[in-house]
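All chains should be modelled from the sequences, with the hints used to inform the complete structure.
Here is what each chain is made of, one letter per residue.
Number of protein chains: 2
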Amino acid sequence: MAVQTVASTTDSTVDLGPAAALSCRECGHRVPLGPVFACEECFGPLEIAYDFSAYDTEQLRKRIEAGPANIWRYAPLLPVPADVADKPNLNPGWTKLVKADNLARELGVTGGLYVKDDSGNPTHSFKDRVVAQALEAARAFGFTTLSCSSTGNLAGAVGAAAARAGFRSCVFIPHDLEQGKVVMAAIYGGELVGIEGNYDDVNRFCSELIGDPAGEGWGFVNVNLRPYYAEGSKTLAYEICEQLGWRLPDQLVVPIASGSQLTKIDKGLQELIKLGLVEDKPYKIFGAQAEGCSPVSTAFKAGHDVVRPQKPNTIAKSLAIGNPADGPYVLDIARRTGGFVEDVTDEQVVDAIGLLARTEGVFAETAGGVTVGVTKKLIDNGVLDPAKTTVVLNTGDGLKTLDAVAGTGLTATIRPNLDSFREAGLA
Amino acid sequence: MAVQTVASTTDSTVDLGPAAALSCRECGHRVPLGPVFACEECFGPLEIAYDFSAYDTEQLRKRIEAGPANIWRYAPLLPVPADVADKPNLNPGWTKLVKADNLARELGVTGGLYVKDDSGNPTHSFKDRVVAQALEAARAFGFTTLSCSSTGNLAGAVGAAAARAGFRSCVFIPHDLEQGKVVMAAIYGGELVGIEGNYDDVNRFCSELIGDPAGEGWGFVNVNLRPYYAEGSKTLAYEICEQLGWRLPDQLVVPIASGSQLTKIDKGLQELIKLGLVEDKPYKIFGAQAEGCSPVSTAFKAGHDVVRPQKPNTIAKSLAIGNPADGPYVLDIARRTGGFVEDVTDEQVVDAIGLLARTEGVFAETAGGVTVGVTKKLIDNGVLDPAKTTVVLNTGDGLKTLDAVAGTGLTATIRPNLDSFREAGLA
Numbered sequence: 001m002a003v004q005t006v007a008s009t010t011d012s013t014v015d016l017g018p019a020a021a022l023s024c025r026e027c028g029h030r031v032p033l034g035p036v037f038a039c040e041e042c043f044g045p046l047e048i049a050y051d052f053s054a055y056d057t058e059q060l061r062k063r064i065e066a067g068p069a070n071i072w073r074y075a076p077l078l079p080v081p082a083d084v085a086d087k088p089n090l091n092p093g094w095t096k097l098v099k100a101d102n103l104a105r106e107l108g109v110t111g112g113l114y115v116k117d118d119s120g121n122p123t124h125s126f127k128d129r130v131v132a133q134a135l136e137a138a139r140a141f142g143f144t145t146l147s148c149s150s151t152g153n154l155a156g157a158v159g160a161a162a163a164r165a166g167f168r169s170c171v172f173i174p175h176d177l178e179q180g181k182v183v184m185a186a187i188y189g190g191e192l193v194g195i196e197g198n199y200d201d202v203n204r205f206c207s208e209l210i211g212d213p214a215g216e217g218w219g220f221v222n223v224n225l226r227p228y229y230a231e232g233s234k235t236l237a238y239e240i241c242e243q244l245g246w247r248l249p250d251q252l253v254v255p256i257a258s259g260s261q262l263t264k265i266d267k268g269l270q271e272l273i274k275l276g277l278v279e280d281k282p283y284k285i286f287g288a289q290a291e292g293c294s295p296v297s298t299a300f301k302a303g304h305d306v307v308r309p310q311k312p313n314t315i316a317k318s319l320a321i322g323n324p325a326d327g328p329y330v331l332d333i334a335r336r337t338g339g340f341v342e343d344v345t346d347e348q349v350v351d352a353i354g355l356l357a358r359t360e361g362v363f364a365e366t367a368g369g370v371t372v373g374v375t376k377k378l379i380d381n382g383v384l385d386p387a388k389t390t391v392v393l394n395t396g397d398g399l400k401t402l403d404a405v406a407g408t409g410l411t412a413t414i415r416p417n418l419d420s421f422r423e424a425g426l427a
Numbered sequence: 001m002a003v004q005t006v007a008s009t010t011d012s013t014v015d016l017g018p019a020a021a022l023s024c025r026e027c028g029h030r031v032p033l034g035p036v037f038a039c040e041e042c043f044g045p046l047e048i049a050y051d052f053s054a055y056d057t058e059q060l061r062k063r064i065e066a067g068p069a070n071i072w073r074y075a076p077l078l079p080v081p082a083d084v085a086d087k088p089n090l091n092p093g094w095t096k097l098v099k100a101d102n103l104a105r106e107l108g109v110t111g112g113l114y115v116k117d118d119s120g121n122p123t124h125s126f127k128d129r130v131v132a133q134a135l136e137a138a139r140a141f142g143f144t145t146l147s148c149s150s151t152g153n154l155a156g157a158v159g160a161a162a163a164r165a166g167f168r169s170c171v172f173i174p175h176d177l178e179q180g181k182v183v184m185a186a187i188y189g190g191e192l193v194g195i196e197g198n199y200d201d202v203n204r205f206c207s208e209l210i211g212d213p214a215g216e217g218w219g220f221v222n223v224n225l226r227p228y229y230a231e232g233s234k235t236l237a238y239e240i241c242e243q244l245g246w247r248l249p250d251q252l253v254v255p256i257a258s259g260s261q262l263t264k265i266d267k268g269l270q271e272l273i274k275l276g277l278v279e280d281k282p283y284k285i286f287g288a289q290a291e292g293c294s295p296v297s298t299a300f301k302a303g304h305d306v307v308r309p310q311k312p313n314t315i316a317k318s319l320a321i322g323n324p325a326d327g328p329y330v331l332d333i334a335r336r337t338g339g340f341v342e343d344v345t346d347e348q349v350v351d352a353i354g355l356l357a358r359t360e361g362v363f364a365e366t367a368g369g370v371t372v373g374v375t376k377k378l379i380d381n382g383v384l385d386p387a388k389t390t391v392v393l394n395t396g397d398g399l400k401t402l403d404a405v406a407g408t409g410l411t412a413t414i415r416p417n418l419d420s421f422r423e424a425g426l427a
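Here the protein sequences come in this chain order: A and B.
Under full-length UniProt numbering, the residue at position 135 of the first sequence is numbered 135, and the numbers go up by one with no gaps.
Under full-length UniProt numbering, the residue at position 61 of the second sequence is numbered 61, and the numbers go up by one with no gaps.
In case anyone wonders, no lab produced these hints; they're calculated from the structure.
Mixed in with the good hints there might be a few duds.
Remember, identical chains collapse to one label, so a pair may be satisfied in a single copy or spanning two.
Said to hold, decoys possible - In the DSBU-like style, the derived pairs of lysine-lysine whose C-alpha atoms are separated by at most 30 Å in a straight line are:
no., residue 1, residue 2
1, Lys301, Lys87
2, Lys87, Lys99
3, Lys87, Lys388
4, Lys311, Lys99
5, Lys388, Lys377
6, Lys281, Lys377
7, Lys87, Lys311
8, Lys62, Lys99
9, Lys62, Lys87
Written out as structure tokens, the structure is:
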């Protein structure tokens, strides 16, 4: 946690609002704000250190509440300039916190169940939140091209944000992706480059490109801009608490891909506590994975501190990172808060997508099936307390993973007359 | 216009807020609120007559501004009970009004160009707005099943709203729809009935079912609940004006399917003027159709008062109504306001989808391609004034009409190394 740190002589003069410096999560070494992501001392991951020292709690609360209905209401807590809302970007966030009373009844939750539904973002996933931060960093560092490696949601989010902001974009994907995902990534008019190889090959190539003169002036949102990018997930924590009436939930169920989102949600909650915007009380964070890519839940259950990589094989493709960079931090947070990390089978993912849709009218992508499925499993196993206020994240949109529920279809086929209607037992 | 009408002895006691009665748009005959849609005197269409007489302008404005970030901020102007925001529904609306400066530059608009982007609604189309009204009417009249005939957006909106509200749903579609649309309509768990026949057959069957005991207790959102349902489109007008700072735009470009949306947007603007919430000044409404289904633009250009039905043949399937019920009213409004009704080819629709995506990062469904394409054509032809403030509607989501832009794809395919990257001319 780097709240209320004081500016030092190493701090940057780049205007990214309250962001004061980059600080190593392992050794604490501090460097000026810049497009770097690994510590020069110990190779640990860098994250943003803020200077929040000037804030008065009640003034800050009022400023937030008077802000726009998007993530920029939290600009005072993000690595972005104060006038960010005036710059062209997709203005994601302030998505619905759905009070899920029907789902609560089905699951036996009595303490209040909510679904934070990030399918309402501009490109229909939480990735718009993180890309919006990376875009501001790219502006600050003078980059003119936005880039990333992706297999889906991120490609669309980067393409759309770059289009609106007037950046060139060049996105790298495996060349044999499904046509639907290719169309979604290509429609925004940037360069969309298929790499002959798998996602690992794409990633390796991007790392090579960053070190080459050809990659100069390029902001890779999830590589050299990663410290900024990752902070976008804090806004999920801020919104959940504000939408609950500036109250911490007792329990949160968060999907794990790289684990970055879960760690930043924890960071956001801790900031709200330190800033006095919410009461300081315990909360538990639960991580959710698909069984076919469950390196973190496997490590958690085995009591390990390190995460052993897995080869992913699951329909929850947006969570299919076999070697999650933030895995060890996730284990720390789940253990520190008294949470748990659990996984569900692909069949349970599909069932959970259907359960959420038919109880709340929310059509989640497979990642949302993972969190709802894990919530059910944790309740059934007595790990999650049904008497406590619980928030479950849906980070994407079912329209993007239609294949996963392709078995869903017509309940009847009839001829266009009442006799046929009655014969089908529909009357 | 039925603003500030006074309650009469025929008025209903059903609590739908300021809705006082149903009134015939042709002969003015007034009947109590109920699940009826055609005038018993002249068979004209019924619409809601309101009693807004108690409202003080500034109090109303404050009440709206303090309301939730969804359509229920306008509950005082809608046929819904005052406590509607507390009932389970999808809470649609308050979607982004995107300041489209990049698109404005491409089109030569200097007076301010905005895209009202309704893809941000819960099921990603404006249909959530109208279904939310029909749901409240269904509750008021004691219906327990929500139904409709649909070929796409409406099926999903009804299924989702019914699921969340705890209604049974039974939606009728042609049996041979694309698999993607079937999945989207089926995921919410209601009955999804395929009819062996085309959309006309589906509609005819629904009319038969309404008159049969088997259809008792069923609210067909776009048939017997149509007067309530249609009012949801007024919220587009309210939001646009409030988001412009309680200001009328000079020009609006609105898609035409049945024509209902355009007529209700005009009704909403007129209400805001009469209530004093915006300045009374002229505005022009432009209607947009696809050339392959352009009965209204054909009639407009020919100077006719009646609309001759067409057999639709266009990729803009959500607008493909060959015999639009509100066609004559649309002609009236376009002529009264000094607007125009124009159409574009399918090729222009696809081009316009790409134009909007690459300038503003908004991925519109084909209906959005129609409005953006028509806007471009109207400017090129000198009909729409580029020096005036203009709002273009995007009523749906590109993810639902991927086939229309299936030609969009990779800009290059390379091997995972820098040499291949350079050879492709990407450096």
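message: Hint by hint, where does the structure go against what was stated? Just the numbers, ascending.
response: Of the numbered hints given earlier, those the structure breaks are 1, 4, 7, listed in rising order.
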